[in-house]
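Undergrad: Order-wise, the sequence lines are chains A and B. Each residue of the first sequence is one higher than the last, beginning at 1 in my numbering. Each residue of the second sequence is one higher than the last, beginning at 1 in my numbering.
If you're looking for bench data, these hints aren't it; they were derived computationally from the structure. A hint or two may mislead.
Pairs count within a copy or across copies, as identical chains cannot be separated in the list.
Below are the SDA-like pairs computed for lysine to any residue, each with C-alpha atoms no more than 25 Å apart in a straight line [claimed, not checked]:
{"id": "1", "residue 1": "K331", "residue 2": "R99"}
{"id": "2", "residue 1": "K331", "residue 2": "G97"}
{"id": "3", "residue 1": "K257", "residue 2": "W352"}
{"id": "4", "residue 1": "K257", "residue 2": "H205"}
{"id": "5", "residue 1": "K61", "residue 2": "G134"}
{"id": "6", "residue 1": "K257", "residue 2": "D297"}
{"id": "7", "residue 1": "K207", "residue 2": "R329"}
{"id": "8", "residue 1": "K331", "residue 2": "V135"}
{"id": "9", "residue 1": "K61", "residue 2": "W352"}
{"id": "10", "residue 1": "K331", "residue 2": "D124"}
{"id": "11", "residue 1": "K61", "residue 2": "A102"}
All values reported here derive from a predicted model rather than from experimental measurement.
There are 2 protein chains.
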Amino acid sequence: MPQLPPATPGDRLADVDTPALIVDLDAFERNLGRMADAVAMAGVRLRPHAKMHKSPIIGLKQIALGAVGVCCQKVSEAEVMVQGGIGDVLVSNEVVGSRKLARLAALARQARIAVVVDDEAMIDALAAAAATAGVTVGVLVEIDVGANRCGVAPGPAAVRLAQRIAGEASLRFDGLQAYHGRAQHLRSAEERRAAIASVCVDVRHTKAALAEAGLACPTVTGAGTGTFELEAASGVFDELQAGSYCFMDADYARNRKSDGTFFNTFEHALFVSATVMSTPRPERAVLDAGLKALAFDSGPPETVGIAGAVYERPSDEHGCLDVTTCNARPKLGDKILLIPGHCDPTVNLHDWYVGVRGLASSQPRVECVWPVAARGALF
Amino acid sequence: MPQLPPATPGDRLADVDTPALIVDLDAFERNLGRMADAVAMAGVRLRPHAKMHKSPIIGLKQIALGAVGVCCQKVSEAEVMVQGGIGDVLVSNEVVGSRKLARLAALARQARIAVVVDDEAMIDALAAAAATAGVTVGVLVEIDVGANRCGVAPGPAAVRLAQRIAGEASLRFDGLQAYHGRAQHLRSAEERRAAIASVCVDVRHTKAALAEAGLACPTVTGAGTGTFELEAASGVFDELQAGSYCFMDADYARNRKSDGTFFNTFEHALFVSATVMSTPRPERAVLDAGLKALAFDSGPPETVGIAGAVYERPSDEHGCLDVTTCNARPKLGDKILLIPGHCDPTVNLHDWYVGVRGLASSQPRVECVWPVAARGALF
């Protein structure tokens, strides 16, 4: 049973219950617009990753600004997107298991569905599931371009899989996925440029091998918020999968641009609000948001508007702020905004987005409450 | 909207969709029985922490074996427990904010409710909320016994709060909470013994100060799975709050007993099952369970039954297993059981428990599917 929402449209920000996921709607909309402009200028398509926001409402806003559909990482996420009105979903991930494949194939009756593979056995199982359901599923071959996770080697191994896909009546060969996850968080622009240059060599080489085998490669897809400008300008990518750009987390803000300044193309638009629930000593303020309200895999959250306050350590339901060096120390009951270290797993901990208009104004108000509809979509 | 369950009673374990939270019912029931025996022998009460399991079904099983009620960390968790039929709940945490206090007071109409405080302003707000609702709420004073989180100093500061509680018609002074969270994970028995000995000095000192002020101290509550035997034998604790003992995670299993062997009073009864979704290179198997299916704050999960396999690094929906040194390397589609590093935040990522009977047998079967009813109960 999902939790009751922490707010109602019209509420003042100060009255939103905590911990809650707060969206600064003004910054969020500017972020959506900036990305739409960037991909339009570059002449590439945007298929934003919905594994980050898990919300068909947000996906439809992205599509209204030109995105061609969304990416998902799980079949159950894709189901939520299709139920929410999105007609074109790429599951940018390998899908293994008969139950998942049957669900994926069933979804292809309602929407344009594609999926990625990196193994011949997957192609056979997918072809059988699609044939049983009487549908056609698009398939892209994932190549490992440096992420060292999934994906076959670029070149001949990818061609062999593409040929096998092309030989299946229930499948449609849609192209290549070349996503370099680790490159997104390389801190210097030079490192990211070198990584994506290497990705492009792999993609060109694989496209040439496909052409030699007589196979067209309709789409090359990849990229994230940290590198999307490089893939967009590469001439070899057709679609970009960036997701975090909507919200920008503390970790992406640690990336540097080529002039050495911090990456600020997008604004922080996602916050977790927390209440000071205990002030047992002058130097410590305890917040009501810990491991169950925030993700810590990319470091602790940053505090907004309290110079010197450092989120020191989480426990399950608590966060200890060190306020030793603060001039104005937070008081019991104060509400504080935190910028999550990593937005994707933070969003997945919450049932609701609370959309706030005028966050920077003196009268921030709740405008909307959206479900995190695909939260917990693990399958 | 919660996800569909990954299994149906009667299913074979091999057919449970992944990633899923698997309970070894046999080990779980043995763990419940061992704790019930231990507290009965020691002559103390058990009030297990439901922040760990978030399930009234499990809470009722604990009560059936003698527990006096459950602890919760959040008001919204307590609501789920009361809705599920539990009649006695201690919110073992400070509650700040008028919305939360109104919900807490409303709950006291349906069940015996208590809460902890560490500040005079909390007592005033709680008394007002209880008076408005026309209920009596039990209140315990939290003292900081070394956790360096919430709680007033032992001694006079605690007595002042107790006096204030005793002076409010809508509140009932129930005693002291003295929980040393950090002591739970001290690795050697000597360190844990020293930490809890110090806790007991603080508690005795505070109880004496309360007696001097003419205040009875009905209950001293605290303890966790790592130290419960010490508090049970101390003569100063009346109630134990241990929660993880039901499931035992990888982190608790790193504690040592006084003879130097690993802490094995309880068995691992909680697992996350995962599927091998990609085997791109001989030395790597990629699982479909990452940051959104497992908590990593206490280290990565351990694999069951694949000697040499090491869960190396998670990403949002993937886990890379290094299988270099495995004799029998996992194959695409294999299902693997993982022991979570930390059970509490892992449980909170899932909508369903899949209870399996005969996990160690050749025919493990799903016996029950229980909702993680208070998952996401943040408020």
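Undergrad: Run every hint past the structure and note whether it holds.
TA: Right, here's what the structure says about each hint:
1. K331 / R99: Only across copies: K331 and R99 sit 18 Å apart there, 52 Å inside one copy, limit 25 Å.
2. K331 / G97: between (52 Å within a copy, 13 Å between copies)
3. K257 / W352: Classified as neither: same-chain Cα gap 33 Å, cross-chain 44 Å, threshold 25 Å.
4. K257 / H205: neither (28 Å within a copy, 58 Å between copies)
5. K61 / G134: Neither way: K61 and G134 sit 31 Å apart in one copy and 47 Å across, limit 25 Å.
6. K257 / D297: within (23 Å within a copy, 31 Å between copies)
7. K207 / R329: Neither way: K207 and R329 sit 59 Å apart in one copy and 32 Å across, limit 25 Å.
8. K331 / V135: neither (60 Å within a copy, 28 Å between copies)
9. K61 / W352: within (17 Å within a copy, 31 Å between copies)
10. K331 / D124: between (61 Å within a copy, 16 Å between copies)
11. K61 / A102: For K61 and A102, neither the intra-copy (29 Å) nor the inter-copy (37 Å) Cα distance is at most 25 Å.
In summary, the numbered hints that this structure violates are 3, 4, 5, 7, 8 and 11.
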